[in-house]
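Once you have looked at the hints, place chain B on chain A.
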Amino acid sequence: MKLFEYEAKQIFAKYGVPTPRGFLAKTAKEAREFASLINAPVAVKSQILAAGRAKAGGILFADSPAEAEKAARQLLESEIKGVKVQSVWVEEKLAIKKELYFSITVDRAERCYVAVASAEGGVDIEELAKTSPEKIVKVLVDPVYGFRAYHARQIAKKLGYAESQMTDLASIFLKHYRGAVDFDAELAEMNPLVETTDGKFVAADTRLIIDDNALFRHQEFVSRPMEETELTPQELKAQKSGLAYVKLDGDVGIIGNGAGLVMATLDAIHLYGGRPANFLDVGGGASADMIAVALDIVLSDPNTKVVFINILGGITRCDEVANGILEAQKRVGVTKPMFIRLVGTNEEEGRRILTEAGFHVLDSMEEAAQKTVEIILSGGD
Amino acid sequence: MLEYGTHIVAGVTPGKGGTMVHRVPVYDTVQEAKDAISGDASIIFVPAPFAADAAFEALDAGLKTIVIITEHIPVRDAVQVMFRARKEGAVVIGPNTPGILTVGECKLGIMPAHVFKQGAVGLVSRSGTLTYEIANGLSMHGLGQSTCIGLGGDPIVGLSFVDVLKEFEQDEQTKAVALIGEIGGNFEELAAEFIATEGYSKPVVAFVAGRTAPAGKRMGHAGAIIMGSTGTAASKIEAFKKANVPVAEKPGDVVRLLGEKLGR
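Line by line, the protein sequences give chains A and B.
To convert, note that position 162 of the first sequence is 161 in numbering that gives the first Met the number 0; the numbers rise steadily by one, no gaps.
To convert, note that position 176 of the second sequence is 175 in numbering that gives the first Met the number 0; the numbers rise steadily by one, no gaps.
You may find that some hints are simply not true.
Restricting the straight-line Cα-Cα distance to at most 25 Å, the calculated cross-link-like pairs of lysine-lysine (DSS-like) are [said to hold, decoys possible]:
1) A/Lys129 <-> B/Lys241
2) A/Lys1 <-> B/Lys216
3) A/Lys304 <-> A/Lys335
4) A/Lys69 <-> A/Lys1
5) A/Lys129 <-> B/Lys216
6) B/Lys241 <-> A/Lys239
7) A/Lys236 <-> B/Lys216
Think of the hints as simulated: they come from the structure by calculation, not from any bench.
Bound-form chain A, shown alone (with noise of 0.2 Å):
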């Protein structure tokens, strides 16, 4: 679950780490009235999830709070990297002296979480990682003693920092590694930590993604504001049906049991000549239900012309399957060319079902591919 800006900031300070003095603004009317408030020159800047906000011109400065109003207005009408801008964070502007780069995220194959840092943040680290790694400063966060004061230490004076400054600096470091744990964090950043001209550290950006599979022990983020356009109807729908899915950008709709198979069946789909409408995985042991919802939120994609379900079932049943898709005959009607293959468990008596309700069914998923391409290709129905 990835958090606004606003809402890591204020979770951060919470901890300690400073962070400039920011408002949340809904209207330009808002933004002129905490300017005013601020009294100096502030960075006005779109509250959005995607990254890459500052070169899309996500991120103005005002001088004034008449200017901060005009900015906000310019924001809050637009949409940044393909999302409404629905709020803004108006903040105090920084006298920077350096941009610093500071993370607590997890390394895959040291199975643990591990610090970044670099003295040449406000980039992106993993351009910066590729072509000057020397520059990055990695120190993996043990699991029993964490990361500590010392850690620290030792990466700020890497970074450059001695006697008062470097202590400063490390206490950041600290706090911030502090709010990543506690919020299970898949990654907490501060991009750029900014050194001012009069040599305090603040935290300019902050990002915090929240494991998604930790959210249950975070119940305050069960409802919280999201990004309106963020999700599509369909994502959405699947989110609440407990489907995972995602809205891509071709025409053939694509229903699999087990995320693996489903990404080889948009593979196979791409391999053939087709585009995958989207990637929906129904998981194991899927009801009836579940796949007549599946196969509803595919169908109620205004770009999916023909649907392929790829099952091949081991916990998941054929025959649950297969009157999942004539449940959703009934609730919606199956009203584009369909491809099924349908192989496994109790794969006869779905079959039967099916082709009784004149489904053709398949047991390659190969050739079910091939056909299901051949439809959209040919210009077919």
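What follows is chain B alone, placed relative to chain A:
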């Protein structure tokens, strides 16, 4: 699992101690089970919020092979489990895995038995049903399997491809390996590097799912996500090519490529 011939000697479900399920005695705690009956592995189906607890309990009781079927375990918990397991010299398979199956001998997991046939192909995969798909294809073309291991679809899992490749190399039953990867992480790249630098005595064929997955989106599995430019299918395929490991374009090609390698 019992049907397959696995010796399930005890069940552990807090509150259900003293009962029997399919003629297997159930206990309240792992230690009680272990005190009553000797066992050396554990398979965990406990719901995500409590699964790590179950894993710790198994490790505490001295069990050295832990299969965690459960999906959606928090990363923070998984990190702790893996660390403890390593300290205890225990092997964790998963989480979010269909388990491990040695054909004709033992199944610790949920894999559908009927798709697997006895043979010499070692199968190691990050996926569930895609693995069955490939096993099915192999079985239908006379390329049976020795052992099949699901690493799990999560970002933090116990065994890696390299770990299993090492096991397969020592395993007499295994004459060739089918490695099924997907986007996310760098386990495939590490496997390719291992094969390229250490050399590998048996033929390996790979498949990588997610060539067409968009960046930044989680494709079902918690570990199947391209972060920025890390974890792309292209990077994995490139790594395998450099290591002279043929990469199948579609699941069916795994059969063909392995057949070629085995001279069939």
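We went through each hint and held it up to the structure:
1. Taking the CA atoms of A/Lys129 and B/Lys241, the gap is near 19 Å; set against the 25 Å cutoff, the hint holds.
2. With a CA separation close to 12 Å, the supplied pair A/Lys1 and B/Lys216 stays within the 25 Å bound.
3. The straight-line distance between the Cα atoms of A/Lys304 and A/Lys335 is roughly 6 Å, inside the 25 Å bound, and the hint therefore holds.
4. For the given pair, A/Lys69 sits about 28 Å from A/Lys1 by alpha-carbon distance, which is inconsistent with the 25 Å threshold.
5. Using a Cα cut-off of 25 Å, the hinted pair A/Lys129 and B/Lys216 holds, with the two alpha carbons roughly 22 Å apart.
6. Distance check on the hinted pair: B/Lys241 and A/Lys239 sit about 43 Å apart at the alpha-carbon level, beyond 25 Å; violated.
7. Distance restraint check for A/Lys236 and B/Lys216: the Cα-Cα separation of roughly 17 Å lies within the 25 Å cut-off, and the hinted pair is therefore satisfied.
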